[in-house]
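Top to bottom, those sequences are chains A and B.
Here the working numbering is used: the first residue of the first sequence is 824, the next is one more, and so on.
Here the working numbering is used: the first residue of the second sequence is 206, the next is one more, and so on.
Keep in mind that the hints were calculated from the coordinates and are not lab data.
As the structure is a computational prediction, the values presented were derived from the model and not from experiment.
Watch out, some of these pointers could steer you wrong.
Heads up, incomplete: computed chain A residues facing chain B, CB under 7 Å, no partners named [stated by the list, open to error]: (1) 871; (2) 874; (3) 876; (4) 883; (5) 887; (6) 888; (7) 899; (8) 902; (9) 903; (10) 1005; (11) 1008.
Short, incomplete list of chain B residues facing chain A, as computed with Cβ under 10 Å [said to hold, decoys possible]: (12) 230; (13) 232; (14) 236; (15) 238; (16) 243; (17) 249; (18) 251; (19) 252; (20) 253; (21) 255; (22) 258; (23) 280; (24) 284; (25) 299; (26) 301.
Yeah, the Cβ is synthetic: ideal placement off N, Cα and C, and Gly gets one too.
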Amino acid sequence: MPLLFVPMVGLLGILVALYRRDPRRFLDGPTDDAPARLMHWAVGLLSAQRAEWGRAMLGELEHVEGRVRRMRFALGCVGAALMLPPWGRAATAVWALLVLAVGGIALDASTAITYHLDGGTWVAAAVLTVFVAGCLVGASALARRPGVAAQGLLGGLLVAVTWLALGGFTVHDRIRPDVVPWHPWVEAVVVPFVLGAAATAWARDPVVGKRVARLAAITAGLALYVYSTVAVAVIGATGPVEEDGGGTIPGTISDRLGNNLIMLAFTTMVVATVGWGGAAAAGRLLRRTPASPVVSVPFSPSSEANQEA
Amino acid sequence: MCRLVVVQADRRPSPQTIRVLGALATDPTRWRYGYDLATEVHLKSGSLYPILVRLADRGLLDTSWEPAIGSRPPRHLYRLSPNGRELVAALTAARVERSERHPQHRWSEA
Chain A
824 MPLLFVPMVG LLGILVALYR RDPRRFLDGP TDDAPARLMH WAVGLLSAQR AEWGRAMLGE
884 LEHVEGRVRR MRFALGCVGA ALMLPPWGRA ATAVWALLVL AVGGIALDAS TAITYHLDGG
944 TWVAAAVLTV FVAGCLVGAS ALARRPGVAA QGLLGGLLVA VTWLALGGFT VHDRIRPDVV
1004 PWHPWVEAVV VPFVLGAAAT AWARDPVVGK RVARLAAITA GLALYVYSTV AVAVIGATGP
1064 VEEDGGGTIP GTISDRLGNN LIMLAFTTMV VATVGWGGAA AAGRLLRRTP ASPVVSVPFS
1124 PSSEANQEA
Chain B
206 MCRLVVVQAD RRPSPQTIRV LGALATDPTR WRYGYDLATE VHLKSGSLYP ILVRLADRGL
266 LDTSWEPAIG SRPPRHLYRL SPNGRELVAA LTAARVERSE RHPQHRWSEA
């Protein structure tokens, strides 16, 4: 089991190294100090009606001296930006994903407590928290882009519902392997690919399509994770005994929770990759499609006179 | 619906809002910065800005932008609008009336 965490920890290490090397790769705007970056992030979540207030907070921060004071001011403004009604689509998307994430982690932890699981489960919970936090940061960066938040959320829900519908909408399908050969193709390939392509076609911009696909992947991953965790909590140690868990009740529960974590990472990465591919493919098709011809009529006083006549 | 709006508009301001209004009312014609206001009334930015937004939404606050100086972005400025001054006057009158009836009441309870 610990070997399963090695790729995840390795991936996190690579991401941290990349971030330290070039923060601009992950963040928008200039490389300001931490309070300014935090503020830019939060202000990007404000609705259009409150955009002026976001600029007001940013402008004020530039006149606050001292690192601690700046951070205090920025943290307060972040809270205000997240709570200030009316929420924009970006803030709504972030709150929705945050609720899903916190709900899933809390349920995971409460299940672990209920069944007195061992230390390995808590290591998994820590990895889960870091992974989910990374997903949320990524989602917040994506959701603030125009034309991404609503489409990404709805697309993610569509992917999640497809997975659940093909499993029969039962909690047991989340702990049993799906033996129908074509199900994985539809769940993990066709629907995400079509989603990415549709988002590109809708926005007529492959960049938007790729962002929608990535946000949909995070949404779908978190939604399926929460559903799977609820399934484990509901089923408990009943149903087929997990041999990987050593046949014991805590082992079975621990194995199922671990499987959920693996599925969260798998679902998110696969849907994001395939959706990205669909968006890119649709973008290529769009580029090949010739623009509608524009009929240009040379202007001349006589032609204008004829039209008026 | 109209009744709801009227009730909300007439709702007594929170103690924090009253502090902000009081600070703005010390010199109603002067434009103020957000950070200076927050420091003066001992409010965190997370509390101050929602208050300023609500006051501006209700027409109690005038807002303006100070031109940018050098590379620094422009700053947002605030002062009481005529409606805001009327509200402060009404709150002050209510406070005086209450303090005459109940001398132990503080200004923030107006």
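Status of each hint after checking the structure:
1. Because the closest C-beta pair between residue 871 of chain A and chain B is about 14 Å apart, greater than 7 Å, the hint is violated.
2. Given the 7 Å rule on beta carbons, the hint for residue 874 of chain A is violated: about 12 Å separates it from the nearest Cβ of chain B.
3. Contact between residue 876 of chain A and chain B, as hinted, is supported at the beta carbon level, the nearest pair being about 6 Å apart and thus within 7 Å.
4. For residue 883 of chain A, the interface hint holds, the least distance from its beta-carbon to any beta-carbon of chain B being 5 Å, beneath 7 Å.
5. For the restraint placing residue 887 of chain A at the interface with chain B, the shortest Cβ-Cβ distance is roughly 6 Å, inside the 7 Å limit, so the hint holds.
6. This hint is violated: residue 888 of chain A has a C-beta 10 Å from the nearest C-beta of chain B, more than the 7 Å allowed.
7. The restraint placing residue 899 of chain A at the interface with chain B holds, with a minimum CB-CB distance near 3 Å, inside the 7 Å limit.
8. For residue 902 of chain A, the interface hint holds, the least distance from its beta-carbon to any beta-carbon of chain B being 4 Å, beneath 7 Å.
9. Nearest Cβ of chain B to the Cβ of residue 903 of chain A: about 4 Å, under the 7 Å cut. The hint holds.
10. Interface restraint check: residue 1005 of chain A against chain B, minimum CB-CB distance 52 Å, threshold 7 Å, status violated.
11. Because the beta carbon of residue 1008 of chain A sits about 48 Å from the nearest beta carbon in chain B, more than 7 Å, this interface hint is broken.
12. Hint status for residue 230 of chain B: violated, given a least beta-carbon distance of 21 Å to chain A, over 10 Å.
13. A hinted interface residue such as residue 232 of chain B counts as satisfied when its beta carbon comes closer than 10 Å to some beta carbon of chain A; here the least separation is about 20 Å, so the hint is violated.
14. Look at residue 236 of chain B: its Cβ only gets to about 13 Å from chain A, farther than 10 Å, so that hint breaks.
15. The interface hint given for residue 238 of chain B holds, since its Cβ lies 7 Å from the closest Cβ of chain A, which is under the 10 Å cut-off.
16. Hint status for residue 243 of chain B: holds, given a least beta-carbon distance of 8 Å to chain A, under 10 Å.
17. Among the interface hints, the one on residue 249 of chain B holds; its C-beta lies about 4 Å from the nearest C-beta in chain A, closer than the 10 Å criterion.
18. Annotation: residue 251 of chain B was flagged as interfacial toward chain A, and the flag holds, the nearest CB pair being 3 Å apart, inside 10 Å.
19. Look at residue 252 of chain B: its Cβ gets to within about 7 Å of chain A, closer than 10 Å, so that hint holds up.
20. For residue 253 of chain B, the suggested interface contact is upheld, since its CB lies about 8 Å from the closest CB of chain A, less than 10 Å.
21. For residue 255 of chain B, the interface hint holds, since its Cβ comes within 10 Å of a Cβ in chain A; the closest pair sits about 5 Å apart.
22. Contact between residue 258 of chain B and chain A, as hinted, is supported at the beta carbon level, the nearest pair being about 6 Å apart and thus within 10 Å.
23. For residue 280 of chain B, the shortest C-beta to C-beta distance to chain A is roughly 5 Å, which falls under 10 Å, so the interface hint holds.
24. With a cut of 10 Å, the hint placing residue 284 of chain B at the interface with chain A is violated, because the nearest CB-to-CB distance is about 14 Å.
25. Here the hint on residue 299 of chain B is broken, as its CB sits about 28 Å from the closest CB of chain A, past 10 Å.
26. Against a cut-off of 10 Å between C-beta atoms, the interface hint on residue 301 of chain B is violated, since the closest Cβ of chain A lies about 33 Å away.
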